[in-house]
Every structure is written in C-alpha cells, then in structure tokens.
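Peer 1: Residues per chain are reported as follows:
2 protein chains.
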Amino acid sequence: MSDRDDLCINALRMLAVDTVQKAESGHPGMPMGAAVLAYVLWTRYLRHSPAQPSWPDRDRFVLSAGHASALLYSLLHLTGYDLTLDDLKRFRQWESRTPGHPERDCAPGVEVSTGPLGQGLGNALGLAMAERWLAETFNRPGHDIVDHRTWVLASDGDMMEGISSEVASLAGTLRLGRLNVLYDANQVTLSATTDLTFTEDVGGRFEVCGWHVQRINGMDVDAVDAALGAARADDRPSLIVARTHIGYGSPKKQDTFGAHGEPLGPDEVRATKRALGWPEEPAFHIPDEARAVFRAALDRGAALEAEWQRRVGAHRGAEPDAGNAFARAVAGELPEGWQERLPAFTPRDGDVATRDAGGKVLNALAGVVTNLVGGSADLNPSTKTAMAGLGDFESPHHPSTAPGAPKTQGATGGVWGYAGRNVHFGVREHAMAAAVTGLAVHGGIVPYASTFLSFSDYMRPSIRLASLSKAHVIYVWTHDSLALGEDGPTHQPVEHLASLRAIPGMLVLRPSDATETVEAWRVALTHRDGPVGLILTRQKLPVLDRTALAPATGLAKGAYVLTKDGGSPDVIVIATGSEVSLALAAHAALTRDGISSRVVSMPSWELFEAQPRSYRDTVLPPHVRARVSVEAASPFGWERYVGRDGVIIGVDRFGASAPGPVVMREYGFTAEHVVSAAKQLLASRP
Amino acid sequence: MSDRDDLCINALRMLAVDTVQKAESGHPGMPMGAAVLAYVLWTRYLRHSPAQPSWPDRDRFVLSAGHASALLYSLLHLTGYDLTLDDLKRFRQWESRTPGHPERDCAPGVEVSTGPLGQGLGNALGLAMAERWLAETFNRPGHDIVDHRTWVLASDGDMMEGISSEVASLAGTLRLGRLNVLYDANQVTLSATTDLTFTEDVGGRFEVCGWHVQRINGMDVDAVDAALGAARADDRPSLIVARTHIGYGSPKKQDTFGAHGEPLGPDEVRATKRALGWPEEPAFHIPDEARAVFRAALDRGAALEAEWQRRVGAHRGAEPDAGNAFARAVAGELPEGWQERLPAFTPRDGDVATRDAGGKVLNALAGVVTNLVGGSADLNPSTKTAMAGLGDFESPHHPSTAPGAPKTQGATGGVWGYAGRNVHFGVREHAMAAAVTGLAVHGGIVPYASTFLSFSDYMRPSIRLASLSKAHVIYVWTHDSLALGEDGPTHQPVEHLASLRAIPGMLVLRPSDATETVEAWRVALTHRDGPVGLILTRQKLPVLDRTALAPATGLAKGAYVLTKDGGSPDVIVIATGSEVSLALAAHAALTRDGISSRVVSMPSWELFEAQPRSYRDTVLPPHVRARVSVEAASPFGWERYVGRDGVIIGVDRFGASAPGPVVMREYGFTAEHVVSAAKQLLASRP
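Residue numbers (our numbering), protein chains in the order written: chain U, 1 to 686; chain W, 1 to 686.
Don't read these hints as lab results, they were simulated from the structure.
Owing to the predicted nature of the structure, the values given are computational and were not obtained by experimental measurement.
There's no promise every hint is true.
Any copy will do: because identical chains look the same in the list, a pair fits if it lies in one copy or spans two.
Claimed, not checked - Calculated cross-link-like contacts (lysine-lysine; reagent style BS3-like; alpha-carbon spacing at most 27 Å): (1) Lys22 - Lys89; (2) Lys540 - Lys557; (3) Lys564 - Lys540; (4) Lys89 - Lys252.
All chains should be built: construct the whole structure from the sequences, respecting the hints.
Peer 2: The following block contains the structure:
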C-alpha cells in the first residue's frame, strides 16, 4: 500500500464518517471497513464515466449493503459525479439527493435502490444477465458494443438472506462471468458478531454453485487489487471474501456492532482521525492529492465512452439492422407497428382461460418486441409464459449442449445461449423478482416474470423496491383465485390483490376475458413508470361478446361500463376478472326480473383512480348507491367503491381444496348470490 | 431389498397413484419416486403412535414437498392413523380430510401446512429447536422426557428456495442434530430437468454449513436404511441426498416432468401397475402382508408412548416443579398470576416509544411465562426484543463457550445453550418466520419473532401459512411508519398494515401508547388461534393520561372511545398507534373552537369487527358521518370506517429520508391537518 493509497482510502473513510456525523444518523462502520475494497475497485477496475452516468456500456456498481450509502455518495462525489459536498452535508435530510439508503436515480450513479438486505445481489444478477443478453444479441464479430461488468459490494447481512443463495445458484448455473461480488466480511452485524448466528463457510457455498471464490485480507490494497484482477480474468461469476474490520480506525468501536448503525459521535470521530493521522478539522476535508486520484475517473471515463461511441458507430455502419435495433432497445422504444401483432378473440374461440390468452398475446408480441425477455419460477407449463422457439437463456457452454447429452426437459426451443429469450429462473421467486428489476433498470430489455399469484408473497420485498425504483417490470401472476380449485388454500390467493394494490406505484390489472387480456398487455408494455402485475385465471372463461357490450379498450381507464343502460340504473354490479362474466349473468337475470342494473368491469383500481372525477362519476354515478362488488378475493378495501351500505361479495377466509367450480359455488360466487344481494339492497332502500 | 419391502413400497406407491387418479388431480410422481425413502423412514425410524397422534414426544414428520400429499395421506392410512380409504378416495374434494396440500390438522398426523416450497424446511427448523429447548429445560439426569427427532422429506424445489439456505445455515450454527432431512433428489421439477436451472452441489451447500451429508441411491432400501441410521447417529443436523426417479415405474412418464403435477391417466396407471407387477384391479388394493408391516406402527407406537408415560411419571415424582411446569407448557397453559407481572405506565414516565414499552412488557412477562422463547432477525438493539439475562439459544458446544474464546457480541446474558430463551435468527427473516410457526405448533412454547415492519415482507409466505395453520405466533414489528425517519422509504412501511390486515385470521394490533402496549401483549398471549402482530413505534410517544381518557383495556375490543362526549359528537376522529396522540391534540383544538369531536383509538380492525354490532355502533354511531381517520400508512381500506364522504389521512406514496418529525409533518400528520379536515367536512355538510 502506497502513501497515496492510504491517503485516498482515509479520505474516503473520513468523508463518509463526517457525512454520517453531520446528519447525526447513519452507518459509519462499513464505509470505514470497506474503504479499501471500494477504493481499489473504483479507481482501478470500474469502467464508468462520471460525467455521463447513463453511458449504456458502463460497468454497473451495486451497493447491496445499502446502509453503507455514505460510502457510495462519497465515491460519487470524489470521482466527479454531479453530487456536491453540500449534497453530502444534507445526507438524510428532507428532499436531499443523499437519502438514508440509496434510491435509484436519487443521484447520478445510483443504479438501484438498496437497503433491505440481499436485494442488491438479486438486482445485480439481473444486470449481469442483461449485459450478456444484449452482448450476445447485438455484438457482431469485431464489434463489441456491449462489454461491461456488474460489481457488487455486499455484507454479512446480504449473505445471510436466502436470496443470496438463490442468486449464487442461478448465476452459477448460468455461468455469468461478468458478475463480480466483493463480500465485505467484517463478521459483525447490527446486533451481534457472526459467531452467534453465522458460522457457515460462505465462500464454500458459492464454490458449490460454480463460482470462482477467493478469500483475502480486505484491508490490503495489493491483495484486493490482485483478487479483482483474478476475478475479472475468470469466466465464472466471482466472489471475493474479503476479511475486513467494521469501524476501522475507531479506537473504541472498531470490530464492534456499535460501529454499525449510528454515528461515531464527535469525540470518537476526533479520536479516529487522530488514530488514522487525519486532520481533526475541518470536517469534509479532502486532500488535493486524493481528490486528483479519484477525479481521474472523469478523463478516463470520457475516453472510454468516446471509444465506445466510435465502436457503436462502426457497428452501426457494418450492421445497420442490429445497430438500429440496439439503439431502439437502449432508448426504450417499442418497434413501430407492434400493436398490430396483438391477437383478437371472439366468442367463437370458445372459453379461454386468461392465462392462455396471455400466453397467446405474449407469443404474438415476442415476435415483434424482440427485447421482451423473461420467464417463470419453474411454472411455464402452468403460467403459459414460454415464448416458443425463441431460445433458452443459458450459458453457451452448458453441458446440455454437448453432443449426446441427455435431453433437457423444459427447453423452449431455438437458440441455446445468452441470446435465448426464455429465462428459466427455477423455483426462486425472490431472486427472479429482484433480477427482473435489474433487467429493467439496466436498459435495453423489457422483462417479465411469472409465477402463481399466491407465490407473489415470495417476491414481495423485490416488488416493493421495483415500485419504489419505478422499474418497468411486467409480472404475470396466474391461478388468481379460489377457482384454481384442488390445489387448495396454500395455493389459492385471497389477500394478494388487496396487498398488491396497496403498494404505492404498483399497477394491478385483472382482465375479465381474453379480449381484456390483450388490452392488459397493451397497457403493460406502455405503462413505463413502474411495475405492472397481470392477474390471470387458471380456469376457462367466456370470451365476452363485445358486439353487445362496451369494447375492452375501456380497460385502459381502469373501469368502464360494460352493459348498456339509461345512465341511471337501479343497481351497479362492479366486478373484476373472472367475476365479470358472473356479473353479466346476474345482470341478465335482473333484467328478466325488471330491475335495471349496470355491470362495471374494473380491471384496475389504479388506472381508474387516475381518471378525472367526471369520468369516474360517469361510471359510478354518485347517486346510484345500490352497489354490489364481486371479486373472488379479500373484500378488503372494496368499501371505496360500494360504500358502507353496499354489498361486497368477497372471500373473508382462506380457500379450500376441491374442484374449482365447487369452491366458487360454496364461497358464494354465483349469479344467484349476486342477484339476491342486489335485490336485498334495493329492498332495504326507501 | 426383500420381497416384502418391495410389496410394501409398491403398496405405498400405488395407493398414492390411485388416490391421485381417483381425484383426477394431484401429484403422483414424487410419491412414486420417494416411496422407498418414506417406507424405510416410517417403518423403521419414525417414532410415532398413530393411535395417539398428539403424543408430545413423537417424532415430527414434515413433508416439505407438500405437493406429495398423496404420499403422506397414504402413509397415515397405512400405519393406522384415523384416516380411512374413503378419506383417500375423497382426495381434493369439498370438505374432505385430504386436501390438495397438507393442512395442519386436516387429518391426524399432519403436523404443518406445506405446499409453498421451502416452508416445511423452515417449520422443521422450529420443531427441532423446540425439541432441544424443551429437552434442555425439562429433562433431568435419568429422566429424559423430551427425546425426539424432526424428519423432513424435501424436494428439488424446496432446495432451490432461498429459505432452504437460511435453514441450513442457522441449523448448522445451532448444531441441531435432531433435524434430519431426506432430500428426494429426482432432478425433475414442474417444468424442467434440473440441469436447466439447478446445477449446484446441494449436499456441498449443507456441508459448508456444518451438516452431516450423505449421498445415496434413494431407490435402494438398504442404502436408505444405512443412511438413516448414520444420520441418527451423528450429532450434526443431517442431509441425505437421495437420488430418486420421479414417477418410478411409469413406462411413459418416469423421469419426466409429465409425472410431476397431473394424474398418470387410467392407461398409464394400468401400464405402471403391470410394470411393477401389481394387480391392475381393484384400485386402492392393499395386500394384507403390506398392511401388517405398516400397521405394526400401532403396537410399536402404543408401547413407545406407554414407556414415555412411565418416564414422565418418574420425572414428575423426582422433580415435581419441572414436571408440573412441563405439563403446563405442553398443555399450553399460562402460569397463574402472569398478568400481575405486567408493568404499568403513566404520563410521569415521560415519552416512551412503544418498542421500548414492548421491551419492558416482554421482559416482565419473560420472568413468569417461562416458556416464552424468541428473538429477532438481527435487530434486538432496535426492536428491544432481548430478554435480559435469560440466555442465548445456542449449541452448548459452540466454540464461543470455550475458555479464552473471543467475546461474542450480542449475547443476552445468562445460560449459553439450548435452554437459552433468546434465539438469534440472524438476518434471516424468512426462516425466522417459518421457524416460529414450527415452535408454535410443536407445543410447549410461546414463540415470538421480531424485525422492522417493513421487512415483514420477507416473512410473508410464512405468515400466511401460520395464519392458515392457526399457529399461535407473536410477531413484534417495530419502526412502524414514516416516523422512523432518516432510514428512508426502503425502511418506512406504508402498505404493510393494509397487507397484513388483509390476511385471513391474522390479528394486527397497533397500540397508541405504552399503556395500550401492555394490553396488546395481554391479548397476544391469550389470543391462541392464530398469529398476532404487534406494531410498535421507533419514536417516542406520550403516555396518555388515562385519568382523563378511557382505560386502555378497550384495546381488547379493537376500538374504543377515548375521549368523553355526549354520545353524538359533530365529528369522529379515528386513529391508530402513534397517530392517536395527534388525534387528541386535534380534539383539544376542535374543542377550543367549539366543535364537539370524539377520538376513537382503533388498535385492531380484526378485534373490532368481532364485536357485536351494538358495540360497534356505540363507538362509531352510524348517524355521525363526519369522520376522519388518521394513520401514517396506506389509506387502503379505511373507507370501511370513514365512508366515502369522510377524510382519510394516510400515505399514498412511498416515504422519504429525513428526520422523523420532518417527514411526518411534510406528509400531513399534524394536528392542524386533522383539524382542518374535520372543519372542512363539517362545512361541506348541510
């Protein structure tokens, strides 16, 4: 370690320490311990361009241990991103650009939102997948326009989370050599030393998954440098287990959990600076020499990017189709005419489950939206989310591609390698969810992820962060109610619709038939500022006869009047998804009985809430207070639309194992029940 | 393998196959492949008493791969549990005792609810922990009254889930030698062969966590027998990686995912029976010889239990205090006088965060409710969930107990070993949640688990199953709103209250001050038929002056009138948790302005809904329609209580990083806002 290294590392340490101390809130310990790792990575390996933070071919850096945000902000400031010392001084303050945990795009260079442990590792998996997919799809011999890495800094806490094992396993199977993880093994967590809770050999865990693993002294610049070089040279995903010391330099707090989550305190800050030979005053001191070392990233980054621009130009010249497709993908544009590929359904198609309709739409779109990439957590045959013939995203060196290898079941057909469009996530819903966020925020890809709606619970921490990050991810959740039948209550969602609708920024779409499913996919591809959940049935449903009903394009407004009436029906029946056809049957029966009713299809609360009041009042006229809602899910929240005096037909307990139609009948999802509820409502009114 | 073994194994296979075929729904493949494992375990190792399925010292069997339910039901029937052939013939039918996936107590011998993958492994962790805690606590030299094992049958899918790694890691750290996992490695999942998604060395993953691992041919009776014996003999947790063949015997479907999740079909059932030398007719055929082998479990179990009863008697004679305490714990009784230990709070205590109040209550209770066992996912210093001086649940052979070992930070004081009451779950919220369900359903223990409310997302799949299983688990979720401040939106819960309230059977309690926190814990200990979530603040709150307000015992009714009024106030302000004191400030301001208002504290929607209408109408008189709700969380669902015309003061977007009071003010959680909302409501009324 040179004196200059030492100076730079301490500059980084102390900048983070002062940042936390100024805020009187935050996590100084990990920045102090991981500063060597960060310094060597950011000054010698990370290929980035601080002045052009959205350069598409930049390396991605993920701080999975988001609590060390002061380290990230310090790095961004030091290397010349548009983040000032004043920003650091406003760490964790109202409307600052330096929030407590990194939030995607809170400042340039913040790629993903982290803090909840393990999530960054999952995002990084997706970022690394995106890089390989784009490289394999768009690079041409002599024209490598996609050629970057994903670097992760992770902590003991990240490694304890189960998602870290899902990531290790899948990244190993996929042999994602561009994924490089630095594990800041300081052996101290928020409340304990790891001997109390965490005695496994983490490196070993990654080795058995096929990773390149090194174990080093993370306080030694040369060791870190050598390890990063070796990691980069290996074609497997790599883990560097770097033994570090939390709170390094603090006389009282080093190697204790006291250094983890609170400021050192003014006295200990001074003592630490003395111990490290650092001037006690002023705070936020950055020696010119250290600044110069970090700021070299500006020129280096500009040169890297300029060189890349030349390569992109040459690529486009030589391969105009690929070049244009790449440019369009990176710009996030959909190809012209994509909507013309959408299929149409009519009642003559017979009954169609919306999962099947969704599969047809997906496959139709896949042919034209050529950067639609995704898959399921081992449920393609059930969720209908395979894109036929478009290949399997796997390592091109996967043993199954060897001649004479046993047949791999589940392959989708087509190419076998990183250009494959179908991702096989395995039974790893959590890593899948975090990974598709990575795919989405990388740029260049429109990702989707699928499982049963009930298992969205496994994805939930990542869904929340996708929403916070405004990541354009499409979730395809099938088997959306009791009606899935025999698999029983463990698999039958009840509370999930309410739970998902409650997440800020999440768009939930529950189409009522095949035709609305087409519209739902149309919205899913164009609604770009957050995740979209498509909620689809296992069971078959009638394709509604739109000649007699309003067109399904009404879905885009969240809710629309399906049936014809004079504008002031006696009763309104609001239904979603599979219950819309049931509501229509009730409507027919009420009509026969001389009662004027209106059926409102409400595939999306969020889209409806976004409409002007005038539209909403047209759909649900305020003076029509006799309202019935029907949704085979928790009644939670439906008072918003039916009022306290209406009737909510929902599911207020867990489901039951029996054939779907039996369960639905026993739980009251029948036209007769809707009719009687409507009549009772009308009878109880003056 | 003897002919008799073969006969028994095929009897088991074919019973499961016929069960699935009769239902025309279910999963035949795993029962066929794992039948050898199940046969050897259930006839030679499992210590159980089919006639007394709740014998406290029975071995626990967990089918983590719950989709193989037909295998479990077949075993229960064959070994003499009260589950008839008619029950099997009603597999997956309405109100049958044999639902699609095992539900706790759907039939005797079904210990836990499984199906969502990985959950059973987590439950088993808790069951094994419970056994060790009870053994260490109640056994006396020469009197081993707790002495059993937890056996798990798990699948490839279980092993892909991240929770399996959390379980492996924690069980290894705790050296839970009574936890024995059989891994049915058939290398085929629902949609693929594992080479597509899952190439890691699973055995190696467990080895690096300190497990005893064997790799065997799972189709070979002798190999399985030897492995089970070796697993039992080793004092580490054990994994047997048993290579098996899904759909074994089916000419067309063996080793394919076609055998996984659908009946073989009548032709293939016949072909399979022919291939295995089994009579094609009748279905549900059980040879007498095979039945006799399985049914031997009845006599063996009765003898085991009788012998145990003798030991319990001797133990009680020699150690009456321990004997009585054991009996009381197993019966699920709380000790007399436990409520007298509950602390009391008054305004003179100054402001008290409800997390701190909760910690005081917990510690007071811990001294008398001596089977209260629990901990946090590495957050004790923040969630205040350590029981001081009551020891750490760890292996008694943990290296930290060696003389001269470095100091373990985070230890709670007191004994160090399996009698420790404090469980250190590590940063493993998911395994924690599944494990406490195991602790609860084992019997003998009142468990709790704690983390930040925001991270309840990680626990969600297990919370749902706890609720479905009616497991008496207490979750302590702190840092319950925006008011936690600087950590920002990744840590600030918004949608979590609504999401948890939406889970059927879940009881959510959000006390308004220290005094209500006492009442919340009182309810948590006595509400036995499902999980209870205590939602507590990070920030300090006033201890309400109950001399001027209604007593906090009203919490038990879910909501109660806090302030005094004439029965017909102009406006009602409904608040929960930390927003109650804010509502009281608004109440005072409104009173000064001559407006009659009522503050309703509503710590629990679920308890309130369970009250008779007459009570509910007293608290929220229907004719008082001017209502304001205040809760620093998603407004989702509040229309239920405020109506469509009321005002919901909530959080409809993500939070922000800044000091808590600033965030709360900026998001509108001020008395002024409540006052103006109330006045506006009143002004807009005729």
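Peer 1: It remains to establish, for every hint, whether it holds in the given structure.
Peer 2: Structure-based check of all given hints:
1. In this assembly of identical chains, lysine 22 and lysine 89 lie within 27 Å of each other by CA distance solely inside one copy; the values are 6 Å within and 70 Å between copies.
2. Proximity of lysine 540 to lysine 557 under the C-alpha cut-off of 27 Å is restricted to the intra-copy arrangement: shortest distance 25 Å within a copy versus 44 Å between copies.
3. When the C-alpha separation of lysine 564 and lysine 540 is checked against a cutoff of 27 Å, the pair qualifies only within one copy, where the shortest distance is 25 Å, while the shortest distance between copies is 56 Å.
4. For the homomeric pair lysine 89 and lysine 252, the shortest alpha-carbon distance inside one copy (25 Å) is at most 27 Å, but the shortest distance between copies (69 Å) is not.
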